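Chain by chain, the residues run as shown.
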Amino acid sequence: MTRRDMAHRAIRLLAGRLAVTGGLLLLLSVVVFAGTDLLPGDPATARLGGLGPAEVAEARARLGLDRPLAERYGEWVTGLLRGDLGTSAEGRPVGELLSERLGNSLLLAGLTLAVLVPGSLLLGVAAGLRQGRAVDRAVTTGMLLLAAVPEFVVAGGLVLLFAVTLGWLPAVSLVPAGASPLSVPEVLVLPVLSLLLLGLAYATRLIRAATAAAARAPHVEFMRINGLPPRTVLREGVLPAVLPVALQVWLTTGAGLIGGAVLVERVFGYPGIGDVLIRAVQSGDLPVVQALAMLLGGVMLLALFAADLSTRALTPVLRTAGR
Amino acid sequence: MTDRTGTGTGRPAITATSAAVLLLLLAMALLGPLLAPHSPTSPVGVPYEAPGGTAPLGTDHLGRDVLSRVLSGGLPMLATSLAAAVLGSLIGVTAGLWAALAGARRAWAEGVVLRPLDAVAALPPLFVLLLALTALPGRAGVIAAVAVAGAPLSARVVRAAAAQAVSRGHVEAAVARGESTAWLLGRELLPLVAGPAAADLGLRFVGAIYLVTAAGFLGLGVGQTDWGLLIAEALPGAALQPTALAVPVLLVAALGVCVNLLADDVLRRWRTVAA
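Those protein sequence lines, which keep their order, are chains A and B.
Numbering follows full-length UniProt numbering, in which position 199 of the first sequence is assigned residue number 199; successive positions increment by one, without gaps.
Numbering follows full-length UniProt numbering, in which position 80 of the second sequence is assigned residue number 80; successive positions increment by one, without gaps.
Do not rely on the hints blindly, as some may be mistaken.
What follows is a set of in silico ranges between Cβ atoms, one per label pair, in the way DEER data are often shown [claimed, not checked]:
| no. | chain 1 | residue 1 | chain 2 | residue 2 | range |
| --- | --- | --- | --- | --- | --- |
| 1 | B | 63 | A | 18 | 58 to 66 Å |
| 2 | B | 26 | A | 282 | 46 to 54 Å |
| 3 | A | 174 | B | 160 | 46 to 54 Å |
Worth flagging that the hints you see were computed from the coordinates, not collected in a lab.
Please read all numbers here as calculations on a predicted model, not as lab measurements.
Positions of the beta carbon are idealized from the N, C-alpha and C atoms, including for glycine.
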């Protein structure tokens with residue numbers, strides 16, 4: 001195959017995947033917008049109990065709910081494409097509501113990912129190479145238990161241990177208004193630890209499984225029988241097979257962390273998007289929730305797209321394969 | 001998920017223990033409302049009273065008995081989780097079987113069913129829950145969210161299991177006889193995928209418990225005494241009354257771990273039978 005052919009294939013592949021991702025994004029927008037609209041009741045009637053029909057009609061008109069669904073959907077999607085996230089039920093632009101908090105949430109996710117990447121690789125590879133032995137049992141069992149417990153329960157346990165019993169760290173993330181959480185770094189420790197445990201439970205198990213499979217592969221056994229030192233076998237034989245999987249896991253975990261942070265932020269009263277989101281849910285502020293769901297679903301789809309591409313780029317067989 | 005190696009010794013003991021703990025939790029949830037010494041919603045003492053005296057586990061921020069609240073909170077939570085898991089599984093199994101059956105003849109038909117489900121699956125389950133609760137607060141919203149969040153995964157599992165079954169002789173014979181779609185799905189295909197569908201129902205129940213307790217934690221749950229709500233209420237006063245936080249935290253953790261281990265076991269068993 002010539003270089004030119006390969007370039008063509010790569011472009012065709014990229015375009016194909018991009019089209020699929022775009023299509024899924026469009027479907028997601030329909031599900032997020034129309035799906036919530038199809039549910040019985042709407043934000044106006046659900047929260048305005050005790051009002052007369054005239055007031056409800058007035059509220060519906062003010063929120064634009066009296067217009068046909070297709071018209072509202074079209075307006076919403078074209079707004080999204082222009083970067084306009086819509087207006088909250090209280091009349092503030094959603095983008096403005098989120099922009100002041102998004103940074104804090106991204107900080108939490110970024111810090112978590114920075115520890116998660118080396119941590120899950122180390123634990124997963126260590127366990128996978130010692131399959132069935134004590135280290136592997138301990139890691140596998142620990143991660144299984146951790147994955148079974150909701151993250152806000154894990155966070156509650158951490159509060160009991162580190163804030164109440166030991167008194168080492170604050171139970172509440174008190175950040176002065178307008179300041180960055182980085183100015184009070186101690187408030188970041190428990191939220192990051194909670195998110196880290198959430199991500200580790202998922203990432204370590206998958207990396208361990210990939211390592212265990214790679215360690216049993218014929219080429220690795222061949223290297224081992226030929227007396228290559230374990231370090232070389234790990235570097236040349238095992239890791240190249242594990243890294244594409246790991247990268248995929250990290251990308252999806254990272255995207256998932258932004259959503260998973262909502263409950264953890266709530267536990268610590270951390271000033272991130274979780275707080276905005278939950279208040280919107282409680283007051284029935286549909287535009288805010290829809291915009292955030294769309295944003296995070298979009299981030300997840302893009303992460304899957306990036307994961308797919310990077311897996312192909314890192315795997316020689318797939319790199320030259322037709323599809 | 002594809003790794004079948006972790007099966008060491010001690011599996012049956014772990015399964016038996018988690019089954020026993022789960023039974024204990026179920027008994028507590030069922031009998032709890034009858035055993036509760038006080039009303040779960042009215043104060044029996046001063047706020048944040050330490051355990052002992054009238055309130056064995058102390059009181060919460062409004063002076064209500066923590067033990068009575070814990071005892072009466074289990075049943076609505078478990079019932080909602082089960083109803084939601086069954087509903088999600090039903091939708092998923094129907095969609096999965098239909099996709100396998102229709103997809104065998106017309107490839108595009110499978111896409112019509114599965115692509116929208118893929119789009120839903122891109123949304124973290126928690127966001128499905130938040131969206132549903134914004135538009136439809138209360139128990140109905142929670143059940144709808146759990147069902148919608150779980151159905152795509154069920155559909156994938158069932159479709160994969162049914163893909164080979166659709167080309168079996170008795171299915172093709174039934175198609176040739178002109179049987180209705182409902183007959184084909186329920187009588188010809190469903191029995192062949194009952195194993196994976198049951199294992200999948202276990203996983204849906206795990207997810208349902210997570211979402212139901214999360215809804216409770218956000219104060220949007222199904223009752224006044226949800227275990228998730230108890231955690232949220234106990235957090236601000238954790239330094240004064242740690243028991244009120246520790247008890248629901250331990251209960252939800254134990255419930256999650258047991259259900260997970262059992263679902264894992266069912267899945268493993270079915271795989272061993274299939275292999």
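Hints versus structure:
At about 59 Å, the beta-carbon gap between residue 63 of chain B and residue 18 of chain A stays in the expected band of 58 to 66 Å. Distance hint check for residue 26 of chain B and residue 282 of chain A: the Cβ-Cβ separation is about 31 Å, which falls outside the suggested range of 46 to 54 Å. For residue 174 of chain A and residue 160 of chain B, the hinted distance range of 46 to 54 Å is satisfied, since their beta carbons lie about 49 Å from each other.
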